[in-house]
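In order, the protein sequence lines correspond to chains A and B.
When the letters of the first sequence are read in order and numbered with my numbering, they come out as residues 1 to 422.
When the letters of the second sequence are read in order and numbered with my numbering, they come out as residues 423 to 844.
Hints in this document: simulated from the structure, not taken from any laboratory.
Please note that a few of the clues may not be correct.
[Unchecked claim] Covered by chain B, according to a simulated footprint, are these stretches of chain A (three or more residues, beta-carbon under 8 Å): (1) 326-335; (2) 355-366; (3) 388-398.
[What the hints assert, rightly or not] Residues from chain A that keep clear of chain B, each with C-beta distances beyond 12 Å, as calculated: (4) 71; (5) 136; (6) 308.
[What the hints assert, rightly or not] Which chain A residues face chain B? A few, computed with CB under 7 Å, are given here: (7) 38; (8) 46; (9) 59; (10) 63; (11) 227; (12) 247; (13) 253; (14) 270; (15) 274; (16) 376.
By construction, the Cβ of each residue, glycine as well, lies at the ideal position given by its N, Cα and C atoms.
2 protein chains.
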Amino acid sequence: MATPTRSGRSGFARDPEPSRPAGPGVTQEETRRRNLGAVLRHIHVHGPTSRAELTSWLGLNRSTIGALAADLASAGLVTEEAPSSGRRAGRPSLVVSPRSDHVYAHALSVEADRLRAARVGLGGRILDLREVDRPDGMSAVDALGPLIGLIHDMERSVASGALLVGGAVAVTDTARDRDGRIRIGGPDETLRAAIEAELTVGPGFVAGDLADIAAVAEHVRGAAAGVDSLVYLHGGLGVSAGIIIGGRSVAGHRGHGGKVGHMVVNRDGLLCGCGSHGCWETEIGEAALLRHAGRESGGPAAVVEVLRAAGSGEPTAGAAVRQVADWLGFGVANLVNVVNPDAVVFGGSLRDLYTVGADTVRRRLDAMVLPAFREHVRLRVAALGRDAVLVGAAELAFGRLLADPLNVGVAAPTGDGVVPAR
Amino acid sequence: MATPTRSGRSGFARDPEPSRPAGPGVTQEETRRRNLGAVLRHIHVHGPTSRAELTSWLGLNRSTIGALAADLASAGLVTEEAPSSGRRAGRPSLVVSPRSDHVYAHALSVEADRLRAARVGLGGRILDLREVDRPDGMSAVDALGPLIGLIHDMERSVASGALLVGGAVAVTDTARDRDGRIRIGGPDETLRAAIEAELTVGPGFVAGDLADIAAVAEHVRGAAAGVDSLVYLHGGLGVSAGIIIGGRSVAGHRGHGGKVGHMVVNRDGLLCGCGSHGCWETEIGEAALLRHAGRESGGPAAVVEVLRAAGSGEPTAGAAVRQVADWLGFGVANLVNVVNPDAVVFGGSLRDLYTVGADTVRRRLDAMVLPAFREHVRLRVAALGRDAVLVGAAELAFGRLLADPLNVGVAAPTGDGVVPAR
């Protein structure tokens with residue numbers, strides 16, 4: 001399978017908008033590329049949209065929009081059809097729709113206990129989804145083998161001529177070692193090298209942190225759609241966050257974001273896997289809840305049981321939830337004071353903890369957050385559930401297409417989009 | 423004095439790049455605007471640059487660069503001259519330079535104890551600087567009157583025909599009330615209304631938080647030049663930060679950043695002015711240092727004396743510095759774990775505290791920051807000193823010009839660029 005030069009290399013990326021090919025100057029070709037991308041992004045995010053709406057929203061004239069839409073249709077990325085209903089006097093404006101069944105990305109996730117792979121269509125629709133267990137002790141790098149197998153399985157049912165535009169993998173930074181202990185993820189460079197060595201899936205592959213990627217999904221299509229700045233918190237074995245400000249992921253050194261689970265909230269707290277004492281993760285992670293509830297261990301099922309018991313009035317479980325929810329509120333309050341977001345979204349297992357302990361969390365925020373910030377910050381539970389990770393990974397993968405719609409994507413000629421690299 | 427329609431309104435802004443006039447579509451006119459802005463921004467930041475270097479840096483062809491530079495020269499924004507030295511064979515490439523003496527912005531600061539006003543030329547050169555005391559109890563709004571007076575004074579010596587491109591005011595969020603107590607700043611909306619009512623300085627005025635603005639200056643021209651992501655910490659009466667990621671200020675709700683001074687670091691700590699206990703500010707502010715050193719009060723001079731005494735081995739002062747520096751390191755470690763910046767820059771009074779207590783700060787970071795982050799984060803002292811605030815405010819003010827170089831700026835026809843609004 002031929003791989004276009006420009007996008008043929010795997011790479012790590014956090015921001016779905018790739019950098020421009022040359023310096024900051026803008027050529028006419030670049031202008032056309034950006035306008036094509038703007039049209040395609042709009043229908044990717046908002047679904048079928050009339051040419052008239054696109055004209056008004058993009059601030060370009062009708063003939064330009066017509067030409068851009070026609071180019072996207074010729075490339076097989078969109079359809080254009082007369083509206084089926086709501087007809088008014090005069091010639092109706094054609095409706096431009098994403099070809100979700102035809103244009104797709106591979107979205108993978110390496111989660112604490114599961115490996116998942118999906119085909120996600122343009123427009124964000126999950127077309128196919130497969131998963132397998134991730135055994136304790138399996139590194140993110142070792143997980144690539146099974147994930148490639150899942151991709152192979154999915155590709156068997158892809159219609160000939162469908163357009164694969166890229167892939168992305170979301171990787172949790174926390175896993176269990178062979179003895180079942182919680183470990184912080186290994187160095188990203190190893191994973192990057194492994195992806196480059198083992199995966200050449202269509203026109204390139206990107207990887208990112210699971211919480212950052214779920215944050216993108218909640219921002220584009222979930223609980224924080226239309227919100228400009230948010231902190232998305234993801235609970236699993238550890239606690240991580242994706243911070244989005246002004247529509248962009250806040251990613252520090254070389255595009256890698258921070259790890260909020262390792263804010264120290266309690267200097268007298270327990271030893272954390274990272275070597276510090278009293279990290280937020282040690283106070284609000286699943287292990288903390290089980291510890292306070294007097295459950296020695298048990299994993300996610302035990303956590304669900306404690307939350308359920310607390311909800312039905314069992315005193316020990318209730319006290320455990322209040323204690324952990326108070327530390328949850330403490331860390332959230334500090335993040336709100338540092339970032340001043342419009343919204344905080346609770347995802348993963350923190351969704352359930354927040355649902356049961358919301359009163360405690362809110363009381364802590366009322367006490368600690370600066371009043372000017374408290375009055376506008378909204379607390380929300382994640383809307384996309386476990387799909388967020390895959391939907392967000394697809395957003396990353398679609399980034400290249402949306403940046404340069406006519407120059408990305410390879411037809412899957414044999415129903416098998418995976419080729420070994422080199 | 424006529425004020426162009428597009429930029430005639432005052433407004434709050436954090437990001438020097440204003441939003442585009444219409445939707446995300448790109449017109450040819452917009453393309454030209456962006457290219458003009460890219461050329462002007464380059465020489466504004468990097469100083470005199472040959473057309474050949476601009477061509478290679480911007481990724482546009484020579485004739486385009488030539489036309490852009492000629493347009494900027496015609497508008498009086500740059501000069502073009504043959505290089506004075508280093509001549510090589512062939513026709514030398516013209517050098518494009520900012521007209522720093524001719525094109526300028528007003529930069530104002532409302533600091534805890536001072537009010538300052540400067541004229542800053544394109545290229546970041548301070549052309550004129552005036553200051554007066556800010557009495558205890560004077561609100562930021564009340565400070566606008568004296569600042570307008572300083573602007574009037576400066577404008578008297580401006581050459582006729584000079585081009586005023588805008589202004590910005592940096593406002594600290596912490597001040598002293600009439601009884602000398604430290605207060606967190608009032609609501610920004612009041613200040614915004616006052617600016618709109620009282621100041622119409624040339625083509626518009628923007629305002630921002632002092633630490634955010636100093637961060638911009640250190641990022642563009644100071645200790646963090648060329649660094650992609652940084653946390654700038656500013657010590658004064660309070661503690662505040664400007665966080666820049668991927669070259670952009672991290673600003674949450676409606677463009678207003680957080681207030682790191684009100685992270686709670688010590689749940690058992692003292693009551694803070696904000697109503698919480700153990701805010702970072704209560705542990706590392708000037709008052710904390712004086713308290714630990716057994717000095718009851720004394721302001722900045724007393725702080726300098728304690729730091730000097732610690733440097734020369736006085737045990738009580740040394741212990742006070744170590745205690746405060748340890749809390750400084752604690753908060754910095756948490757911010758580094760949350761944001762993963764390339765650099766942390768210590769400015770304002772924290773510059774001096776860090777200089778004396780660096781070993782303690784570094785030890786705390788070594789213990790708490792995730793190793794993968796610790797190995798790359800650089801700790802630096804601010805390079806621009808007190809000028810940072812004014813240089814940064816000018817950067818904000820130049821933002822409009824750099825976004826649309828041929829459509830901003832009004833000649834100061836009478837040597838007096840200030841007119842009352844409406």
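Here is what the structure says about each hint:
Restraint check on the region 326-335 of chain A versus chain B: 4 residues with Cβ-Cβ distances below 8 Å, three needed, restraint holds. For the region 355-366 of chain A, the proposed coverage by chain B is not satisfied: 0 residues have a C-beta within less than 8 Å of a C-beta in that chain, short of the threshold of three. With 0 residues having a Cβ less than 8 Å from any Cβ of chain B, the region 388-398 of chain A misses the three-residue criterion, and the hint is violated. Even its closest Cβ contact with chain B, about 14 Å, leaves residue 71 of chain A beyond 12 Å, as expected for a residue assigned away from the interface.
With a cut of 12 Å on Cβ distances, residue 136 of chain A stays outside the contact zone with chain B, its closest approach being about 23 Å. No beta-carbon of chain B is positioned within 12 Å of the beta-carbon of residue 308 of chain A; the least distance is around 30 Å. Below 7 Å, beta-carbon pairs count as interface contacts, and residue 38 of chain A has one with chain B at about 4 Å; its hint therefore holds. Interface hint status for residue 46 of chain A: violated, as the beta-carbon distance to the closest one in chain B is roughly 13 Å, over 7 Å.
About 3 Å separates the beta-carbon of residue 59 of chain A from the nearest beta-carbon of chain B, less than 7 Å, and the hint is met. Taking 7 Å as the C-beta cut-off, the interface hint given for residue 63 of chain A is violated, the closest approach to chain B being about 13 Å. For the restraint placing residue 227 of chain A at the interface with chain B, the shortest Cβ-Cβ distance is roughly 10 Å, beyond the 7 Å limit, so the hint is violated. A cut of 7 Å between beta carbons decides the hint on residue 247 of chain A: the least distance to chain B is about 11 Å, and the hint is violated.
Contact between residue 253 of chain A and chain B, as hinted, is supported at the beta carbon level, the nearest pair being about 5 Å apart and thus within 7 Å. Interface restraint check: residue 270 of chain A against chain B, minimum CB-CB distance 15 Å, threshold 7 Å, status violated. The interface hint given for residue 274 of chain A is met, as the beta carbon of that residue sits about 6 Å from the closest beta carbon of chain B, less than 7 Å. Of the supplied interface hints, the one on residue 376 of chain A holds, with its beta-carbon coming within about 5 Å of a beta-carbon of chain B, less than 7 Å.
This entry does not satisfy hints 2, 3, 8, 10, 11, 12 and 14, going by the numbered hints stated previously.
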